[in-house]
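Peer 1: Take the two lone chains and join them into the complex the hints point to.
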Amino acid sequence: DVKVTQSSRYLVKRTGEKVFLECVQDMDHENMFWYRQDPGLGLRLIYFSYDVKMKEKGDIPEGYSVSREKKERFSLILESASTNQTSMYLCASSSVRGRSYEQYFGPGTRLTVT
Amino acid sequence: KQEVTQIPAALSVPEGENLVLNCSFTDSAIYNLQWFRQDPGKGLTSLLLIQSSQREQTSGRLNASLDKSSGRSTLYIAASQPGDSATYLCAAPSSGGYQKVTFGTGTKLQVIP
Chain A
1 DVKVTQSSRY
11 LVKRTGEKVF
21 LECVQDMDHE
31 NMFWYRQDPG
41 LGLRLIYFSY
51 DVKMKEKGDI
61 PEGYSVSREK
71 KERFSLILES
81 ASTNQTSMYL
91 CASSSVRGRS
101 YEQYFGPGTR
111 LTVT
Chain B
1 KQEVTQIPAA
11 LSVPEGENLV
21 LNCSFTDSAI
31 YNLQWFRQDP
41 GKGLTSLLLI
51 QSSQREQTSG
61 RLNASLDKSS
71 GRSTLYIAAS
81 QPGDSATYLC
91 AAPSSGGYQK
101 VTFGTGTKLQ
111 VIP
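Residue numbers (my numbering), protein chains in the order written: chain A, 1 to 114; chain B, 1 to 113.
For reference, chain B alone in the conformation it holds in the complex (with noise of 0.2 Å):
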């Protein structure tokens, strides 16, 4: 069963900082993984999916890595800014199929100005 995990659960860095999120997956017969953000109260929005086939995926100041043979993947943050403060969660496949997605718990990230 695919078992997803963030760490840290959260982090607090001062703006102008570049920094890395890490999200690790125990199945690595993954077709794509997908990064999230998501403010308080609200629903989740979709930064980044990287498909199996690439090793990197960027939009803007965020770029997203992923080791299938690892396990791993990374989303970094170029640059952090307070308004990037939020929660980031990954969403890998989960075992046995494409469509249905297993979630990681989140790192809560907090930029200070």
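Pulled out of the complex, with its shape left as it was, chain A reads as follows (with noise of 0.2 Å):
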């Protein structure tokens, strides 16, 4: 079974702090997503990584950098959290193998940003 973990289900942060969240898979999958996750708004795209070191925006990328040193690990960072990155905030993965691209998710992380 593909696993998909986040390093927190909860996390209460101030304004303007740095926040880290970390994103691991363990089914070397080439692809890996950060996603929010707003009433009303749905599932929006942060960000997309299609390899190591690779990156791309995704249609809310504003106030947030991604990192991927290792395959398996994506981290998404907020440089200096704001009230209105208060979330869930939900990381995803796929494999290109088999052309397949079913995404896989982790639990989500509840991050309140006050």
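Among the hints, erroneous ones may be present.
What the hints assert, rightly or not - Derived coverage of chain A by chain B (criterion: at least 3 residues anywhere in the stretch with Cβ under 8 Å from a Cβ of chain B; other residues may be distant): (1) 15-24; (2) 37-43; (3) 76-83; (4) 100-114.
Unchecked claim - In silico EDC-like pairs for lysine to aspartate or glutamate, Cα to Cα no more than 20 Å straight-line: (5) B/Lys42 to A/Glu102; (6) A/Lys57 to B/Glu3; (7) B/Lys42 to A/Asp38; (8) A/Lys3 to B/Glu3; (9) A/Lys71 to A/Asp26.
Hints were generated in silico from the structure; no laboratory data involved. Since we're looking at a predicted model, the values are computed, not measured. All residues carry an ideal CB built from backbone N, CA and C; glycine is no exception.
Peer 2: Here's what the structure looks like:
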């Protein structure tokens, strides 16, 4: 079974803090994604990585950066957290092998910025 | 740009009923379509992935169909159970690529015992 894990289920941070969200997948997937999910807005893509050190902006990259130094790990960084970044953050991975592209999700991190 | 719509936003049915959830997409040049389940406060669980070459995909009491020409997919749940209560989301590849997807906003299903 594919497993995607996220470093924290719940996180509370103060405005202006630097925040790191970590995601690890154990299936050697090439692609990794960071989404945020907000009521009424659905899931929106923040960043996408298709290989180590390779990244692509999603629909809402402002205020975020990412890092992928190893294939299995994809980090989301909030350089200076703001209250409007309070949200549920979801990490996913997918493989290009067999041209499946099926996405597998982690359990999510509920981030509150006060 | 791909847009994905799920109607209705919420559905309440008595236990045992068969039901259909709908998903519409605007860009029919898709390679596949995926259905997910999400329980409150949790991540998404993949239910079914239909490739564009398939018309249907089945897993237990779930059956998903795909009609690219009409831009529609349906998820059929047979003999619904209270444990099926969750939000169901569909996702279609974003325009111009296979690797990124666009999600619908989901249908929240409540199965009443």
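Peer 1: Indicate, hint by hint, whether the structure satisfies it.
Peer 2: Verification of the hints:
Residues of the region 15-24 of chain A with a Cβ under 8 Å from some Cβ of chain B number 0, which does not satisfy the need for three, so the listed coverage is violated. Evaluation of the coverage hint for the region 37-43 of chain A: fulfilled, as 4 residues show C-beta separations to chain B shorter than 8 Å, against a requirement of three. Note: the region 76-83 of chain A has 0 residues with beta-carbon separation from chain B under 8 Å; the three-residue rule is not met and the coverage is violated. Given as covered by chain B, the region 100-114 of chain A passes the check, having 10 residues with a CB less than 8 Å from a CB of that chain where 3 are the minimum.
Between lysine 42 of chain B and glutamate 102 of chain A the CA atoms are separated by roughly 19 Å; this keeps the pair inside 20 Å, and the hint holds. About 18 Å separates the Cα atoms of lysine 57 of chain A and glutamate 3 of chain B, which keeps this hinted pair within 20 Å; it holds. Note on lysine 42 of chain B and aspartate 38 of chain A: the hinted pairing holds, with a Cα-Cα distance of about 13 Å set against a maximum of 20 Å. The hinted pair formed by lysine 3 of chain A and glutamate 3 of chain B fails the criterion: a straight-line CA distance of about 29 Å is larger than 20 Å.
A threshold of 20 Å between alpha carbons decides the hint, and for lysine 71 of chain A with aspartate 26 of chain A the separation of about 10 Å falls inside it, so the pair holds.
In terms of the numbered hints stated before, the structure departs from hints 1, 3, 8, listed from lowest to highest.
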